[in-house]
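Go ahead and model the full structure; you've got the sequences and the hints to work with.
The residues making up each chain are set out below.
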Amino acid sequence: MILRRNLLGATAAAALIASAAPAFAQVEIQWWHAMTGANNDVVNRLADEFNASQRDYKVVASYKGSYPDTMNAGIAAFRAGNAPHIMQVFEVGTATMMAARGAIKPVADLMKEAGERFDPASYLPAVAGYYSTARGEMLSFPFNSSSTVMWYNKDAFKAAGLNPDAPPKTWPEVFEAAKKLKATATPNCGFSTAWVTWVNIEQFSVWHNIPIGTKSNGIDGFDTEFRINSPTHVRHFANLAELAKDKTYVYGGRTNTGEGTFTSGECPIMITSSGFYGNVKANAKFDWANAQMPYYPDVAGAPQNSTLGGASLWVMGGKNANEYKGVAKFFAFLSDTDRQARLHTESGYLPITTAAYEKVKASGFYNTNPYLETPLKSLTNKPPTENSKGLRFGNLVQIRDIWSEEIEAALQGTKTPQQAMDAAVSRGNASLRQFERTVTR
Amino acid sequence: MVERETLLGRVVPHVVLLVGVCIVAFPVYLALLASTYDAATVQNGQMSLLPGSQMLENYERIIFSGARATTREPVGTMLLNSFLMALIIALGKIAISLISAYAIVFFRFPFRMAAFWLIFVTLMLPVEVRIYPTYKIVADLGLLDTYTGLTLPLIASATATLLFRQFFMTVPEELVEASKIDGAGPVRFFKDTLLPLSITTMAALFVIQFIYGWNQYLWPLLITTRDNMQTIVIGIKKMIVTQDALTEWQLAMATAVLALLPPVLVVVLMQKLFVKGLVETEK
Amino acid sequence: MERRALFGGKVLPYSLLLPQFAIVVVFFYVPAVQAVWQSMLMQDAFGISTEFVWFENYTILAANPEYYRTMGTTAVFSVLVAFLSLSSGLLLAVMADKQIKGATIYKTMLIWPYAVAPAVAGVLWLFMFQPSLGMLAKALRSWGIDWNPLLNGNHAMILVVLAATWKQISYNFLFFLAGLAAIPKSVIEAAAIDGARPMRRFWTIVFPLLSPTAFFLLTVNIVYVFFDTFGIIDSVTSGGPAGNTTTMVYKVYADGKLGSDLGGSAAQSVVLMAIVIALTAVQFKFVERRVQY
Numbered sequence: 008m009i010l011r012r013n014l015l016g017a018t019a020a021a022a023l024i025a026s027a028a029p030a031f032a033q034v035e036i037q038w039w040h041a042m043t044g045a046n047n048d049v050v051n052r053l054a055d056e057f058n059a060s061q062r063d064y065k066v067v068a069s070y071k072g073s074y075p076d077t078m079n080a081g082i083a084a085f086r087a088g089n090a091p092h093i094m095q096v097f098e099v100g101t102a103t104m105m106a107a108r109g110a111i112k113p114v115a116d117l118m119k120e121a122g123e124r125f126d127p128a129s130y131l132p133a134v135a136g137y138y139s140t141a142r143g144e145m146l147s148f149p150f151n152s153s154s155t156v157m158w159y160n161k162d163a164f165k166a167a168g169l170n171p172d173a174p175p176k177t178w179p180e181v182f183e184a185a186k187k188l189k190a191t192a193t194p195n196c197g198f199s200t201a202w203v204t205w206v207n208i209e210q211f212s213v214w215h216n217i218p219i220g221t222k223s224n225g226i227d228g229f230d231t232e233f234r235i236n237s238p239t240h241v242r243h244f245a246n247l248a249e250l251a252k253d254k255t256y257v258y259g260g261r262t263n264t265g266e267g268t269f270t271s272g273e274c275p276i277m278i279t280s281s282g283f284y285g286n287v288k289a290n291a292k293f294d295w296a297n298a299q300m301p302y303y304p305d306v307a308g309a310p311q312n313s314t315l316g317g318a319s320l321w322v323m324g325g326k327n328a329n330e331y332k333g334v335a336k337f338f339a340f341l342s343d344t345d346r347q348a349r350l351h352t353e354s355g356y357l358p359i360t361t362a363a364y365e366k367v368k369a370s371g372f373y374n375t376n377p378y379l380e381t382p383l384k385s386l387t388n389k390p391p392t393e394n395s396k397g398l399r400f401g402n403l404v405q406i407r408d409i410w411s412e413e414i415e416a417a418l419q420g421t422k423t424p425q426q427a428m429d430a431a432v433s434r435g436n437a438s439l440r441q442f443e444r445t446v447t448r
Numbered sequence: 160m161v162e163r164e165t166l167l168g169r170v171v172p173h174v175v176l177l178v179g180v181c182i183v184a185f186p187v188y189l190a191l192l193a194s195t196y197d198a199a200t201v202q203n204g205q206m207s208l209l210p211g212s213q214m215l216e217n218y219e220r221i222i223f224s225g226a227r228a229t230t231r232e233p234v235g236t237m238l239l240n241s242f243l244m245a246l247i248i249a250l251g252k253i254a255i256s257l258i259s260a261y262a263i264v265f266f267r268f269p270f271r272m273a274a275f276w277l278i279f280v281t282l283m284l285p286v287e288v289r290i291y292p293t294y295k296i297v298a299d300l301g302l303l304d305t306y307t308g309l310t311l312p313l314i315a316s317a318t319a320t321l322l323f324r325q326f327f328m329t330v331p332e333e334l335v336e337a338s339k340i341d342g343a344g345p346v347r348f349f350k351d352t353l354l355p356l357s358i359t360t361m362a363a364l365f366v367i368q369f370i371y372g373w374n375q376y377l378w379p380l381l382i383t384t385r386d387n388m389q390t391i392v393i394g395i396k397k398m399i400v401t402q403d404a405l406t407e408w409q410l411a412m413a414t415a416v417l418a419l420l421p422p423v424l425v426v427v428l429m430q431k432l433f434v435k436g437l438v439e440t441e442k
Numbered sequence: 147m148e149r150r151a152l153f154g155g156k157v158l159p160y161s162l163l164l165p166q167f168a169i170v171v172v173f174f175y176v177p178a179v180q181a182v183w184q185s186m187l188m189q190d191a192f193g194i195s196t197e198f199v200w201f202e203n204y205t206i207l208a209a210n211p212e213y214y215r216t217m218g219t220t221a222v223f224s225v226l227v228a229f230l231s232l233s234s235g236l237l238l239a240v241m242a243d244k245q246i247k248g249a250t251i252y253k254t255m256l257i258w259p260y261a262v263a264p265a266v267a268g269v270l271w272l273f274m275f276q277p278s279l280g281m282l283a284k285a286l287r288s289w290g291i292d293w294n295p296l297l298n299g300n301h302a303m304i305l306v307v308l309a310a311t312w313k314q315i316s317y318n319f320l321f322f323l324a325g326l327a328a329i330p331k332s333v334i335e336a337a338a339i340d341g342a343r344p345m346r347r348f349w350t351i352v353f354p355l356l357s358p359t360a361f362f363l364l365t366v367n368i369v370y371v372f373f374d375t376f377g378i379i380d381s382v383t384s385g386g387p388a389g390n391t392t393t394m395v396y397k398v399y400a401d402g403k404l405g406s407d408l409g410g411s412a413a414q415s416v417v418l419m420a421i422v423i424a425l426t427a428v429q430f431k432f433v434e435r436r437v438q439y
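Protein chains in written order, with this note's numbering: chain S, 8 to 448; chain E, 160 to 442; chain U, 147 to 439.
Careful, some of the hints might be misleading.
[What the hints assert, rightly or not] With a cut-off of at most 27 Å between alpha-carbon atoms, the simulated DSS-like pairs for lysine-lysine come out as follows:
(1) Lys187(S) / Lys165(S)
(2) Lys288(S) / Lys187(S)
(3) Lys435(E) / Lys244(U)
(4) Lys431(E) / Lys331(U)
(5) Lys366(S) / Lys336(S)
(6) Lys295(E) / Lys326(S)
(7) Lys176(S) / Lys368(S)
(8) Lys165(S) / Lys252(S)
(9) Lys161(S) / Lys288(S)
(10) Lys187(S) / Lys336(S)
(11) Lys254(S) / Lys187(S)
(12) Lys384(S) / Lys368(S)
(13) Lys431(E) / Lys247(U)
(14) Lys326(S) / Lys336(S)
(15) Lys288(S) / Lys368(S)
(16) Lys156(U) / Lys435(E)
(17) Lys368(S) / Lys389(S)
(18) Lys339(E) / Lys350(E)
(19) Lys65(S) / Lys119(S)
(20) Lys350(E) / Lys156(U)
(21) Lys336(S) / Lys119(S)
(22) Lys339(E) / Lys156(U)
(23) Lys295(E) / Lys350(E)
(24) Lys326(S) / Lys165(S)
(25) Lys431(E) / Lys156(U)
(26) Lys161(S) / Lys384(S)
(27) Lys247(U) / Lys339(E)
[Stated by the list, open to error] Per label pair, the in silico range of CB-to-CB distance:
(28) Ala190(S) / Ala424(U): 56 to 64 Å
(29) Gln205(E) / Thr196(U): 50 to 58 Å
(30) Thr196(U) / Ala141(S): 23 to 31 Å
(31) Leu282(U) / Ala337(E): 53 to 61 Å
(32) Pro390(S) / Gly235(E): 50 to 58 Å
(33) Leu300(E) / Lys65(S): 48 to 56 Å
(34) Gly341(U) / Ala254(E): 44 to 52 Å
If you are wondering where the hints come from, they were derived from the structure by calculation, not from laboratory data. None of the values given here were measured: they were computed from a predicted structure. Where is the CB? At the ideal position from N, CA and C, for every residue including glycine.
Structure, rendered in structure tokens:
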């Protein structure tokens with residue numbers, strides 16, 4: 008009984024501590040994020056630095072799990088009337104957030120109302136385009152961005168008699184190199200891809216300037232339909248399925264768990280996120296490099312430009328003016344060019360403003376770290392077209408799973424590539440229609 | 160045993176048990192192994208079946224400096240939170256299940272079976288299925304980020320009530336008769352007769368529910384927003400599920416090993432009482 | 147089954163039930179009713195626009211071939227996991243119950259993995275069998291087995307079944323062990339004197355006496371395979387490849403993820419609850435009548 012009473016006491020005390028307000032009226036700003044590892048440090052340091060720089064506001068950064076976990080928690084919290092002020096949402100969640108007009112506060116409005124300086128034109132066009140409406144109104148604050156690159160093992164290239172300083176540029180060249188590598192240097196794998204739909208559907212389409220869906224990949228309206236069963240798409244998956252039979256192509260899974268086959272030396276070529284950098288640098292015990300994504304040379308206009316991965320910060324609706332002022336101040340603090348430049352060089356994510364990119368370039372950083380510039384070159388390769396500005400499909404998280412299922416069926420050989428991509432389109436469209444129905448009422 | 164044991168009869172149990180132990184313990188052994196290697200060896204899948212040389216470094220890092228500060232809270236705070244959560248859940252469940260099972264088994268009153276079913280059916284409704292509505296209720300009650308919010312929704316459970324019911328049904332009716340003859344009412348019977356008999360069953364349930372509480376993941380993740388409310392299981396997942404960042408498997412596994420220690424200790428230290436309690440439930 | 151010596155009164159039993167009921171109603175029944183209500187709505191993720199659609203979510207579900215496939219997968223998965231974890235738990239318990247050297251050590255060694263969190267268990271199995279860094283995956287491949295759970299649906303199924311079984315063996319072992327210990331040794335010895343062979347002795351005498359334990363474990367295991375394996379599937383295969391390991395509860399989660407199809411997801415959880423309640427009711431009616439207390 009005594010134990011019970013003490014416990015109750017402890018509970019009550021804990022509840023008291025949790026609800027006790029600080030003595031002075033400091034406005035607390037909740038920031039929910041999904042950053043782990045070194046990037047978690049970066050987030051915490053940003054919050055600490057901002058809190059030290061002024062006394063009126065206090066940013067409290069909370070890790071809420073993976074990207075989907077964080078978004079889930081934010082949605083649940085909003086529905087329960089308890090949303091955080093700032094929520095980090097990954098790029099695939101963009102359409103869902105944008106459609107929720109009452110649930111979010113557009114960043115452009117926020118900055119204007121708070122009187123903070125904010126210039127969408129200062130962002131890299133591929134970045135600003137991704138997070139803006141069709142009318143150019145920026146809705147969320149870009150935070151961490153990455154893009155797709157091809158990582159390759161120079162030692163394996165040498166062993167296979169390939170020139171390690173002239174990596175393959177096109178898909179046919181990649182296939183040839185992979186066959187050679189598999190025959191000589193790496194018997195279990197020729198090449199692999201991680202994030203299968205992001206690399207082979209989303210980035211693939213953008214890089215070839217062919218639509219993923221109608222209406223500028225959904226940016227111009229919710230009544231968009233998928234176009235990923237085009238001959239170019241089907242040909243690509245037919246090639247992958249063919250090469251998967253003898254392990255020239257090794258399927259790396261839906262997320263990044265397959266990336267380990269690159270650092271272990273098993274797969275000599277890995278096409279995945281530029282965010283893989285830190286991992287390669289720490290764990291690859293061989294000479295390595297990266298290059299831009301491959302393309303099919305007979306597709307007109309390829310290569311176009313690549314698009315983003317990563318996440319942006321969304322401001323949730325329903326908070327008071329003073330709180331929004333604090334959020335705006337924090338964003339202004341984050342936008343500072345020096346800070347952006349430092350974030351880029353420390354985290355391995357891309358710089359998101361043109362000024363930060365120029366500044367880092369001028370500092371000579373890329374001479375010693377050329378691999379951090381590769382994704383930037385892809386991202387800014389050409390001015391974005393309506394097929395390469397970005398993509399905005401509702402339910403994209405589910406749709407990616409559907410696509411992955413169909414790609415897996417094609418690679419298993421249970422469906423032909425054409426059947427699989429047709430099914431990917433029709434099942435994807437059904438999910439789009441469901442999304443359209445719930446958001447446009 | 161009455162008949163004489165053949166050689167085969169003596170060897171077979173050992174072989175079966177050894178194989179069982181190997182299968183059951185291997186994944187945890189592997190976690191222990193992984194916590195003794197450096198990051199690259201683990202990441203590249205080049206571990207051997209013998210421990211590596213980085214054990215001290217790895218454990219020192221997670222205990223004193225954090226996994227490159229992935230976990231901002233020291234392991235100690237997370238362990239304490241997990242411990243408090245598990246303890247409150249275990250004790251709370253035992254308390255409320257004990258009295259409700261008592262009511263169902265020893266009283267005759269209208270809707271007795273309905274009451275049992277109302278509780279029993281909740282077995283079919285794990286936290287995962289009702290998580291969002293439950294979250295909303297907890298938020299409406301203003302219990303987010305509190306130990307109450309963390310534990311109360313998990314305290315109601317059919318398992319404990321079911322087990323107490325099983326146990327109570329084995330209590331000889333003569334005992335009730337005897338105490339009735341002594342003039343004891345239901346309260347005194349409960350206090351003087353039933354409660355002492357139930358000690359071992361409570362111990363068994365304590366172990367089960369302590370582990371249930373300790374191992375919660377989805378609920379604490381949703382309900383807590385402050386780092387100082389974080390539990391150790393969340394801390395581990397936080398090290399493993401990474402976006403772009405490097406998973407420091409060796410440190411995650413070292414934390415997993417540390418996180419295992421308290422519940423394993425509870426199980427091993429209370430094993431005798433625990434098994435005895437279950438035996439009594441089964442009689 | 148009915149007890150004769152019971153206490154009367156109404157106030158006391160009801161007030162004893164009150165704390166349990168208060169929590170059960172607030173945190174179980176209210177959310178469950180809300181889930182039923184949600185299953186008749188079509189709503190966006192943030193709950194800003196809502197449309198009441200009666201049973202449309204259910205008719206969409208009924209017309210979805212993927213859903214029937216998921217039911218089949220769940221059946222295969224549940225039967226395999228329940229059978230494997232119950233039978234291996236029973237086998238180990240029977241062996242450990244014998245008077246052999248080191249029985250206590252064996253028991254401890256078999257019991258403690260019970261303390262591993264499901265979230266961590268999934269990670270451990272992924273860690274062993276992940277094609278790129280998994281030690282066992284590498285071993286399998288070096289023996290010439292083309293181990294590839296990322297593309298081979300059977301491999302993926304084997305993997306989640308093993309992981310889910312592994313997590314449950316200790317629990318089942320424990321309860322069977324307790325059940326065996328509760329059987330008076332004199333009963334078994336009497337049978338042995340009658341000349342019954344060990345195997346026959348087990349099935350005709352020991353096993354029937356274990357039936358209450360088996361009944362309890364069957365119920366708990368069904369709930370376990372239906373619901374608690376979610377964490378394992380999520381971390382090991384995410385329901386892939388090509389939906390080969392998507393069970394019903396995983397689909398509830400996957401469809402409701404990020405609030406994308408809350409109505410459909412809620413409809414699925416209602417169906418799921420109905421199935422499990424029906425299964426348990428059947429067990430309770432037919433199995434409990436036959437088990438011997």
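query: Going through the earlier hints one by one, which of them does the structure break, listed in rising order?
result: Violated: hints 10, 16, 23, 24, 25, 27 and 33.
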